[in-house]
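Using the sequences and the hints given, assemble the complete structure.
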Amino acid sequence: MKKVYTCYACGFPMAFEETEVPASCPGCGAPRSQFLEEPWLGSIDKRRIHVDPPKADPNRDPFDLSFHPAKDFIPQKGDGRVRRWVMYYKKGTAGETRSFYEDLFGWDILDVEGTDNENPVMYCATGPGTPDWEPRVCSFGYGFLVPFEDNGEVPEPSMVVEVKNIDETVKKALECGGKLIREKFVFLGDTYAEIRDSEGNPYYLWELPDNVPDYCIHGVANTGAQ
Amino acid sequence: MQEKTTYPNPNRAPKKFTAKSLHGRTRLMVVSYKDTHRFLNFCINVFGWDMIETPEAASGIPAGDPHPGMLVATGPAQYDYEGVTPGHMNLFVHWAPGKLEKIGPFMEIDMDHPLEETIKKITDHGGKLILDKTKSALAKPLDDSKQSWQPHAVIEDPSGNYLYLWKCPSSRTWDELETEYDI
Chain A
1 MKKVYTCYAC GFPMAFEETE VPASCPGCGA PRSQFLEEPW LGSIDKRRIH VDPPKADPNR
61 DPFDLSFHPA KDFIPQKGDG RVRRWVMYYK KGTAGETRSF YEDLFGWDIL DVEGTDNENP
121 VMYCATGPGT PDWEPRVCSF GYGFLVPFED NGEVPEPSMV VEVKNIDETV KKALECGGKL
181 IREKFVFLGD TYAEIRDSEG NPYYLWELPD NVPDYCIHGV ANTGAQ
Chain B
1 MQEKTTYPNP NRAPKKFTAK SLHGRTRLMV VSYKDTHRFL NFCINVFGWD MIETPEAASG
61 IPAGDPHPGM LVATGPAQYD YEGVTPGHMN LFVHWAPGKL EKIGPFMEID MDHPLEETIK
121 KITDHGGKLI LDKTKSALAK PLDDSKQSWQ PHAVIEDPSG NYLYLWKCPS SRTWDELETE
181 YDI
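Protein sequences, first through last, are from chains A and B.
Start counting the first sequence at 1; every next residue gets the next number (the numbering used here).
Start counting the second sequence at 1; every next residue gets the next number (the numbering used here).
These aren't lab readings, by the way, just hints derived from the structure by calculation.
These numbers were taken from a predicted model, which means no experiment stands behind them.
A virtual CB, placed ideally from N, CA and C, is assigned to each residue, including glycine.
Treat the hints with care, since some could be wrong.
What the hints assert, rightly or not - Covered stretches of chain A, as calculated for chain B (at least 3 residues, CB under 8 angstroms):
| no. | segment |
| --- | --- |
| 1 | 15-23 |
| 2 | 94-104 |
| 3 | 193-199 |
Okay, structure coming up:
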């Protein structure tokens, strides 16, 4: 019989057949004994058990990995957000690459203006977007497919992190064991740099000093548990 | 100033994604690390990220392991570390027993079709199923028999990028904030 299970520890609601209930909460890892259960009435909206998620503690140890609600990101004004992914494709295979992602995964791909017509940088919408090509729904992202010369070495995929000040971010990265790979450069009118983190993972830094995400103006409406 | 975009004045809007499906959405970024404290120190002090140990249901790793998986919020997050505001991706992080994993998207695939069917379409288009754990610690044989929040398959695209594919369990209620689609 299908039921709604709500985790008492984090508030995560899920609907399962009784035989398929996981041993622990996929949201926070709390054991099955922490699940509150009620009948499935055809829609999650009809559930009567609602658990308030715990509140964020601004004084918690940031190195403590035990379950806690994520911190308030509004004061960072977007600094540190991962905004795009970057993957690469072999020069001369733009058509095949586009077909692979559009046909198999339903993406919408735009050639970036000002890049090589034969081997364009491609900007990829992977889900619902706004008229100016930003993701419209939470918890997914858009990204770039960038051409590379196929000489046997495939460039490392990366991601684009929004920062307010590249120089300050690079300074902190170097202090924390990172490396500067490429000094500041301009692409599509914006300033970027490339770094590696302490482990060797590559990141592009995208400097957006005046950018203010909408949630900093209007606040975060809810956290999903409602 | 409002949100900075890549294309403030494009000639057209992106297409409508009208299917009741998250197939193809790049949900998270997969990143690996070698040293737990060193990696945390970088994430916290350089980017201001926040993170929890990935629950065993999503990592396959028991709680308290010295090399935990991590869910990392890079911006506002729901209680389960899904993003809560549009425009940023959170991270699915795991320890790399050998060399670092290739960064790549944790991409959702069709939850209403058999896993094998989806993978066959991809391999018929030139993708490769990665099974060698020395190439990816997340590589595994296909198994569509269990509800799981772990990645279901690692695919190499024709240019050598890795895609970490995930098929959502049937527990999805479509009430979740991230399940919105175009009408």
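Against the structure, the hints:
1. 15-23: holds (count 5)
2. 94-104: Since three or more residues must qualify, the claim that chain B covers the segment 94-104 of chain A holds, with 7 doing so at under 8 angstroms.
3. 193-199: holds (count 3)
Violated hints: none; the structure is consistent with every hint.
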